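A.B. asks: Residue numbers (this note's numbering), protein chains in the order written: chain A, 254 to 931; chain B, 254 to 931; chain C, 254 to 931.
To be clear, the hints were calculated from the coordinates, so they are not data collected in a lab. Just so we're clear, the structure is a prediction, and the values are computed from it rather than from any experiment. Treat the hints with care, since some could be wrong.
Given that identical chains are not distinguished, each listed pair holds provided it fits within a single copy or across any two copies.
[As the list claims (entries may be wrong)] Taking lysine-lysine and the DSS-like style, the derived pairs with C-alpha atoms no more than 25 Å apart in a straight line are:
(1) 825 <-> 760
(2) 686 <-> 852
(3) 349 <-> 421
(4) 424 <-> 346
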Amino acid sequence: MNQQVINKVPFLFGGDYNPEQWPESTWEKDIKMVEQAEINSATINVFSWSLLQPKENKYDFTMLDKIVSLLKKHNFKIVMATSTAALPGWMVKKYKDVSRVNTYGIRQGFGKRHNACPNSPNFQKLAEDLVTQIMKRYGQERSVVCWHISNEYGGYCYCDNCAKEFRKWLKIKYTTIENLNNAWNANFWSHTIHEWDEVVPPSKLSDEFDNGKAVLGGEALDYRRFQSDSLLNEFLMEKAVIRKFNKTTPITTNFMGTQEDLDYFKWARHLDVVSWDNYPSFDTTAAFTAMNHDLMYGLKKQPFMLMEQAPSQQNWQAFNALKAPGEIRFLSYQAVAHGANTVQFFQLRQARSGSEKLHSSIISNRDSTQTRVFKEVAQIGTEMKQLDTNIWSSRRKSKVAIIFDWESFWGINSSVGPTVNLHYINRIYAYYKFFYKNNISVDFISDNDNLSTYKIVIAPAHYILKPKLANKISVFVNQGGNFITDFMSNVVDENDNLFQGNGPLDKLLGMWVEERDALTPKNDVELQVMDTGRKTKADVLCDVVHLDGAEILAKFQTSKFYNNYPAITQNKFGKGHAYYVCTALSDETMDWLGKYILKKGKLTISEKNKESVERISRYTDKYQYEFILNTQDREQIYHNRTSDLVDIVSNKKINTGDVHLKPFGVLITRIKLNEDQN
Amino acid sequence: MNQQVINKVPFLFGGDYNPEQWPESTWEKDIKMVEQAEINSATINVFSWSLLQPKENKYDFTMLDKIVSLLKKHNFKIVMATSTAALPGWMVKKYKDVSRVNTYGIRQGFGKRHNACPNSPNFQKLAEDLVTQIMKRYGQERSVVCWHISNEYGGYCYCDNCAKEFRKWLKIKYTTIENLNNAWNANFWSHTIHEWDEVVPPSKLSDEFDNGKAVLGGEALDYRRFQSDSLLNEFLMEKAVIRKFNKTTPITTNFMGTQEDLDYFKWARHLDVVSWDNYPSFDTTAAFTAMNHDLMYGLKKQPFMLMEQAPSQQNWQAFNALKAPGEIRFLSYQAVAHGANTVQFFQLRQARSGSEKLHSSIISNRDSTQTRVFKEVAQIGTEMKQLDTNIWSSRRKSKVAIIFDWESFWGINSSVGPTVNLHYINRIYAYYKFFYKNNISVDFISDNDNLSTYKIVIAPAHYILKPKLANKISVFVNQGGNFITDFMSNVVDENDNLFQGNGPLDKLLGMWVEERDALTPKNDVELQVMDTGRKTKADVLCDVVHLDGAEILAKFQTSKFYNNYPAITQNKFGKGHAYYVCTALSDETMDWLGKYILKKGKLTISEKNKESVERISRYTDKYQYEFILNTQDREQIYHNRTSDLVDIVSNKKINTGDVHLKPFGVLITRIKLNEDQN
Amino acid sequence: MNQQVINKVPFLFGGDYNPEQWPESTWEKDIKMVEQAEINSATINVFSWSLLQPKENKYDFTMLDKIVSLLKKHNFKIVMATSTAALPGWMVKKYKDVSRVNTYGIRQGFGKRHNACPNSPNFQKLAEDLVTQIMKRYGQERSVVCWHISNEYGGYCYCDNCAKEFRKWLKIKYTTIENLNNAWNANFWSHTIHEWDEVVPPSKLSDEFDNGKAVLGGEALDYRRFQSDSLLNEFLMEKAVIRKFNKTTPITTNFMGTQEDLDYFKWARHLDVVSWDNYPSFDTTAAFTAMNHDLMYGLKKQPFMLMEQAPSQQNWQAFNALKAPGEIRFLSYQAVAHGANTVQFFQLRQARSGSEKLHSSIISNRDSTQTRVFKEVAQIGTEMKQLDTNIWSSRRKSKVAIIFDWESFWGINSSVGPTVNLHYINRIYAYYKFFYKNNISVDFISDNDNLSTYKIVIAPAHYILKPKLANKISVFVNQGGNFITDFMSNVVDENDNLFQGNGPLDKLLGMWVEERDALTPKNDVELQVMDTGRKTKADVLCDVVHLDGAEILAKFQTSKFYNNYPAITQNKFGKGHAYYVCTALSDETMDWLGKYILKKGKLTISEKNKESVERISRYTDKYQYEFILNTQDREQIYHNRTSDLVDIVSNKKINTGDVHLKPFGVLITRIKLNEDQN
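The whole structure should be built from the sequences, with the hints applied where relevant.
C.D. replies: Rendered as structure tokens:
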């Protein structure tokens with residue numbers, strides 16, 4: 254699909270809208286209310302299959318027609334979903350195989366959502382038919398600005414149809430059973446296969462331990478790849494139907510940040526635009542949310558849609574705190590700052606009943622425009638409407654990249670050992686947080702991406718190391734790049750087989766790992782930075798390493814035998830440097846290391862925050878738009894050294910010197926770029 | 254059934270007796286031993302189905318005949334159970350459907366107890382046959398003073414027979430599928446039904462989340478109602494058989510206090526007398542036990558049977574501490590004080606083996622009357638035998654009522670959000686405890702009860718609010734009553750649909766709730782009482798409310814935006830007042846509020862306890878019997894201002910001034926009432 | 254099998270070897286590498302069924318032939334396993350019944366290991382065929398020094414075949430259904446059986462509660478006995494096949510210390526030599542490991558094989574810390590000190606992939622002899638090769654015995670109540686630790702063993718007390734022995750029926766238990782030793798007892814009613830003394846009691862450790878070999894009073910006075926025995 258033929262999604266300020274849940278007589282009133290908040294779009298038809306197709310041979314678009322027609326009347330842009338994310342009762346009753354079988358071998362029944370088996374022929378056929386009907390009817394509808402396939406894809410199935418398709422998938426991948434046995438090291442525990450149909454999905458009944466770990470890592474990886482692919486195939490089937498009827502309108506499905514099940518980098522290639530749902534909890538940091546945005550931006554290195562966010566509280570978390578005044582405004586601007594080109598909410602009107610009834614909405618069940626939440630949303634709507642529209646064609650610029658690798662995520666989570674305290678996302682976040690705190694933009698990239706435009710590339714916990722990446726990193730460092738990796742990286746090949754002898758990066762790093770010590774609750778290991786002499790705690794794991802050319806930046810201090818062993822190493826390689834971090838660093842040491850490497854990468858740190866002021870920019874050819882965001886519910890001060898700055902939200906001048914930011918306050922400055930800054 | 258034709262249960266001092274578990278040769282010795290403790294009754298035949306009916310077409314009453322005959326010989330009164338609470342092995346083997354299917358779709362096998370499917374036609378027929386046989390044989394047995402159907406009903410089933418009956422139940426309730434879809438808001442997540450047989454029980458395989466919460470609240474409520482009704486129907490079937498053969502002997506089944514599964518108010522209408530099993534744990538407060546007694550009394554507003562209690566330790570709790578000397582005596586008198594007309598134990602003789610073998614009994618396996626437990630029981634028996642028998646026809650009197658609503662209990666427990674810290678029973682207890690500590694008698698009432706006799710009515714966490722109750726409360730307040738409700742009340746209708754616009758009680762309360770903030774572990778919200786200026790912690794949830802006529806009794810103090818917002822409101826309405834409590838109060842603030850409202854209700858607080866002395870009364874037309882109970886295992890003092898009082902247990906005079914109560918000591922005074930006190 | 258005809262296993266320094274997991278081209282290199290560490294043996298063929306038998310009618314020994322031939326070439330001694338511990342995929346596909354059904358009634362599929370149903374006729378036949386083929390081929394192979402049947406037996410099955418065999422097992426045991434009902438007290442909860450086929454395995458679907466406790470204790474005990482027997486029968490079937498082809502080579506299977514599932518005393522009678530796998534965690538004390546060794550020694554009162562240990566970290570624990578330098582050497586010598594006659598590792602070469610890939614091995618994936626682990630293993634190998642070979646025919650000597658009783662372990666774990674804090678292994682360890690700390694050798698014995706050679710016999714938590722043992726203990730004490738037992742001992746007979754009236758040991762103990770108080774988190778019970786006046790905390794349970802001849806050694810101090818009641822009693826009986834300990838003692842009080850009883854038993858305590866130096870001896874007719882082991886990762890000092898001692902490991906003289914032991918340091922002294930010391 255040529256990117257050029259896909260119309261860009263315009264700026265949307267809207268949200269999910271499920272009027273089928275309340276009387277038709279009230280619909281237009283709701284629309285008129287949200288118009289007061291400058292809402293200009295609605296995401297519809299997400300969960301209507303059972304209404305659209307009341308029985309196998311009957312379709313009924315009466316209600317959807319009315320909804321579309323009402324929205325058109327009010328000039329709403331429509332994000333139209335395909336409604337395939339929840340199965341009608343009649344379908345589950347008639348076709349058992351449409352429902353997933355869980356890891357305990359138990360077939361699910363009618364209920365919940367996101368639980369269709371992607372390898373069910375009946376489900377595939379019925380979904381294809383439904384989307385065909387929808388496209389026949391609405392395929393040319395010009396108010397539809399984006400097609401939204403299914404919803405929040407995720408979860409795996411372990412049924413017989415999946416088993417059959419898994420075998421086919423394996424046959425294509427491995428050609429022979431010998432290759433399969435070798436890749437999986439299947440002679441382990443007598444797992445050798447002699448016929449393809451001896452393979453079964455690695456469930457709790459077979460090769461998955463109670464704690465979710467795998468007997469054969471290669472099999473577990475393949476099953477995750479296969480299930481991610483199976484859901485992707487389902488997506489692609491729906492996409493193909495849509496494209497049969499409509500060649501240009503962008504197609505998406507809503508992602509969920511750092512989820513585990515799907516390899517979003519692989520998926521993103523097939524989406525015209527990435528969209529995602531941002532649901533921070535009461536204890537989610539602004540940095541963690543920023544990381545999720547940046548990951549979603551990185552998937553295609555393009556602006557994304559913020560498909561869903563709660564205008565105030567969620568309902569499904571343990572403690573669903575209200576958002577503070579200004580917080581949803583801050584979150585909306587933060588999203589835009591990181592690359593969102595839409596600001597959408599779940600949902601326009603609060604559910605009357607059902608498990609989401611206590612989730613906040615723009616119009617609550619009080620039915621009023623005078624609520625705090627409504628007024629805050631309306632302020633955002635008003636502001637965004639007036640925003641410089643060039644922002645929507647601006648892009649991010651980063652000199653730092655973190656490699657995010659779903660396969661390493663999977664591999665670590667399937668590995669038995671070395672410690673329950675190793676969490677892939679935490680490892681990524683440990684590095685991200687440093688750059689975030691110092692207002693340095695980070696790209697999330699995959700194994701397959703080009704490294705040459707970066708000064709610094711980081712591969713935390715890069716457990717699975719493919720030769721192609723190893724080569725690319727060597728070239729990158731050789732040409733002057735700075736590369737950082739750490740413990741539990743460089744461990745296995747793509748089939749979860751340990752490297753024998755040297756790991757592919759050992760030479761580049763100028764060191765090798767002999768042992769990996771899991772720290773226990775009785776941990777007494779510290780790490781001392783050579784330069785500063787400062788000591789802080791080591792955490793999670795300590796690699797016991799040997800130098801082979803590298804020098805020591807920090808060493809362990811411990812009563813253990815690896816006292817004075819390297820804790821952080823640096824290796825000059827060609828024109829660049831490669832770093833290895835043997836343990837989980839304290840924030841203080843990460844701060845030291847980050848700055849040390851920034852200096853090496855000749856990257857300067859912008860004026861440091863006094864506290865938690867986030868500063869991040871989007872760029873057009875001519876302008877830099879800097880978003881200055883108070884991430885906290887208290888006033889903060891930042892120091893402005895640039896004269897003649899204007900906040901383009903309020904159109905007020907920003908003085909030089911100390912600038913007071915209100916709780917969750919937002920400023921956006923526009924700076925004309927010199928030609929050489931492009 | 255006309256209440257008049259049912260013979261009252263006489264005072265029973267007895268307990269469960271399962272002689273089929275040991276050799277017949279030892280039975281009479283046991284009876285003679287417990288006679289020394291003044292035991293006068295035995296509950297028998299609770300778990301004997303497999304003995305009574307060794308195969309489908311054979312009944313054998315040999316052993317039961319002997320037991321009955323032995324008990325008659327010793328003039329024991331018999332509580333005769335129907336033995337339907339545990340299934341024989343042959344039955345489970347032959348009729349699979351008699352066993353329940355659990356929420357994971359797994360059919361149970363032979364074993365345990367309380368696990369028959371109430372909707373199994375085979376179970377129904379076999380149970381009916383068994384009870385018929387029992388009644389043919391013992392229906393006219395005069396020593397039987399009470400029929401005890403099954404045992405400790407509870408638990409739900411999710412089998413196909415239940416599914417079928419659920420659909421029938423729904424069809425009767427909703428008539429049309431449209432009504433059903435509308436009541437359940439079934440368009441949510443494509444749950445729209447088109448044929449009745451698309452409905453499936455909301456299990457973990459369908460609409461119940463892993464944490465037990467519901468997708469469709471209305472469906473979950475209906476399934477709970479249906480399962481409660483299904484078990485009730487089973488009870489009613491057995492009751493009908495009994496009444497075929499015996500028109501006058503009271504019929505009961507033993508309840509379990511604040512359990513969740515069954516709507517006891519609905520059940521209690523069909524019991525001639527409520528009975529219940531009291532099993533406090535080592536950390537159960539006397540107040541919590543009192544609350545359970547009062548709930549059981551409130552079900553019929555009549556004295557109840559204390560069907561079971563452990564003479565000392567239980568065995569099935571985490572830490573089965575011994576009861577201290579005097580503790581079981583205290584518990585027995587506490588039960589009588591709250592309305593028990595029997596004092597029964599589990600059990601007369603300790604099980605020889607089986608899962609209850611380590612549960613205390615009157616005769617332990619030491620086979621001696623010289624044990625501490627035996628002697629304590631004997632003392633109670635001796636005292637109770639000599640007690641003024643008018644007590645058994647006395648009643649409770651309360652000017653305060655707390656509405657206990659199993660449907661709100663269910664609705665909150667099925668709702669996703671807003672906080673895992675919200676527990677219905679805790680909310681009830683928070684109010685109850687205040688009155689308990691101040692020796693003020695409380696009635697537990699249902700939605701359907703008359704309010705007019707009370708000065709104060711409290712509806713904590715009254716999540717589901719039906720219009721009829723709303724009206725009744727308005728009339729009550731208008732006529733001078735004091736009504737208190739709190740957060741998570743007044744939220745949904747009986748189908749779990751959020752009220753749109755105003756809630757039914759908003760006008761009465763003179764305020765409305767805009768938002769509900771779930772407090773997190775990082776909570777920094779306090780509440781300040783306007784009158785006293787005292788600040789204490791808020792807990793669980795904080796409602797953000799707006800006044801619409803009400804005044805503020807307390808306000809929030811917090812760094813959050815609702816600083817200075819109302820925390821407790823008071824609204825004058827007609828001649829009365831309605832109060833709204835926006836958060837979970839500290840004990841101190843509850844104490845302040847309780848006293849404030851008592852003053853409004855013109856109720857005086859009796860002499861306050863120095864420590865934990867419980868004082869509660871039962872009344873005949875002529876007398877007040879006040880029970881003065883030391884709830885603690887240490888001496889306590891209370892102040893007596895009334896002269897000429899006699900403790901009718903010891904027949905000793907009670908001096909005025911400081912009265913020393915022994916650890917767990919008990920006094921009962923009898924005060925002649927003035928005519929106007931009736 | 255006559256013990257004499259079985260060849261003794263020679264000293265092995267080796268480990269598991271799974272070359273089928275990597276290319277054949279690398280095998281010989283590995284063998285040559287481990288030869289540098291003095292490795293002289295390999296355990297092979299543990300998990301190769303699927304390679305050996307690629308389909309039902311085809312065997313293929315090509316690879317095993319090569320492995321055996323390579324090992325022979327290098328003069329390795331072979332421990333040959335039978336490969337029956339993990340099922341091939343084709344077998345699970347064709348014969349469903351070979352896989353176990355779990356306690357939730359769910360049949361397992363292909364995967365994992367240790368999950369064949371021992372009562373599956375198909376599994377039995379296929380296993381028998383496999384072992385027959387192996388024996389035909391390798392039965393006369395002289396390099397095989399030990400046959401290793403299956404692997405780490407354990408776990409239960411609940412399938413229909415098990416149900417059928419359980420009924421047969423019961424029929425043989427009980428002859429009549431009446432006997433069964435009586436033994437199980439099956440009239441409890443209507444569990445009376447009328448036909449044998451009404452019996453079902455006590456699973457979660459039937460008579461096992463969610464917390465694993467039993468409805469009928471007798472049934473639970475019988476099912477554990479039956480499952481332990483079923484696996485034993487499977488072992489015996491394999492053993493019989495082996496013996497058909499080979500009359501003399503020792504046969505073993507590897508045990509797992511204090512595991513719960515199997516009655517190892519019963520099993521050990523059928524093993525020619527006990528072997529076991531020692532996997533201490535980072536927080537396992539040296540004392541606990543010692544206890545496991547002693548239990549394994551006690552099973553046959555003979556030296557055992559240390560079949561597996563990790564040369565450094567494990568991978569399957571929560572925190573897999575590295576072993577410190579010297580730690581594996583210490584652990585190896587500790588094993589030998591306690592009776593190991595082999596030192597074997599898991600495994601010679603690190604797995605390439607699979608769930609054990611992160612488990613340490615002698616050759617790691619670095620493929621080097623220069624790793625720390627390799628060098629430490631090589632040091633041990635070199636030392637052990639030079640060790641006085643008389644050690645391998647030496648034995649342990651103990652005057653103290655602790656009775657370890659799997660049936661009491663099972664009975665306590667199946668009992669509902671009295672406290673979740675009662676753990677059988679902890680109770681055993683509480684006593685063991687005292688003797689360990691004082692360097693006093695302990696035998697673990699079973700109910701069936703002879704007591705007459707001991708001065709002190711301890712039966713902690715001996716819940717099930719059989720008459721035969723009671724008699725034996727009485728004779729033992731009467732003749733001058735010192736017997737100690739404690740709370741939750743002497744409670745039930747072998748069918749889990751409570752003793753009625755006196756327990757079998759009451760007379761011997763001179764006291765009886767009236768009540769058992771479970772201590773709660775609010776515990777305020779102390780115990781005061783009469784002699785010293787010292788008070789320390791009581792824990793877990795407090796028995797309330799009455800003296801009947803015994804005297805008080807310690808009494809309770811508490812606000813509870815049993816203040817001043819006996820906490821430890823002593824009863825003179827014949828020439829000896831019997832002790833009863835009413836609660837879980839603090840270490841301090843255990844220390845007092847232990848020393849008090851040692852004095853009674855006329856046993857002296859050897860020079861006490863300054864810190865944690867373990868001293869334990871093995872004896873030949875002529876020599877005592879004392880192992881002096883620093884159990885800690887820090888230098889320690891012990892005081893040596895014997896002159897002319899030589900450390901036979903280093904051949905260095907040991908001075909009298911303070912001897913410095915390096916971290917994890919080891920000394921072995923050889924002392925010639927006087928004739929009267931034999």
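A.B. asks: Against this structure, judge whether each hint is valid.
C.D. replies: Going down the list of hints, with the structure as the test:
{"no.": "1", "hint": "825 <-> 760", "result": "within (11 Å within a copy, 76 Å between copies)"}
{"no.": "2", "hint": "686 <-> 852", "result": "within (18 Å within a copy, 57 Å between copies)"}
{"no.": "3", "hint": "349 <-> 421", "result": "both (22 Å within a copy, 23 Å between copies)"}
{"no.": "4", "hint": "424 <-> 346", "result": "between (33 Å within a copy, 19 Å between copies)"}
When each numbered hint is compared with the structure, no violation occurs for any of them.
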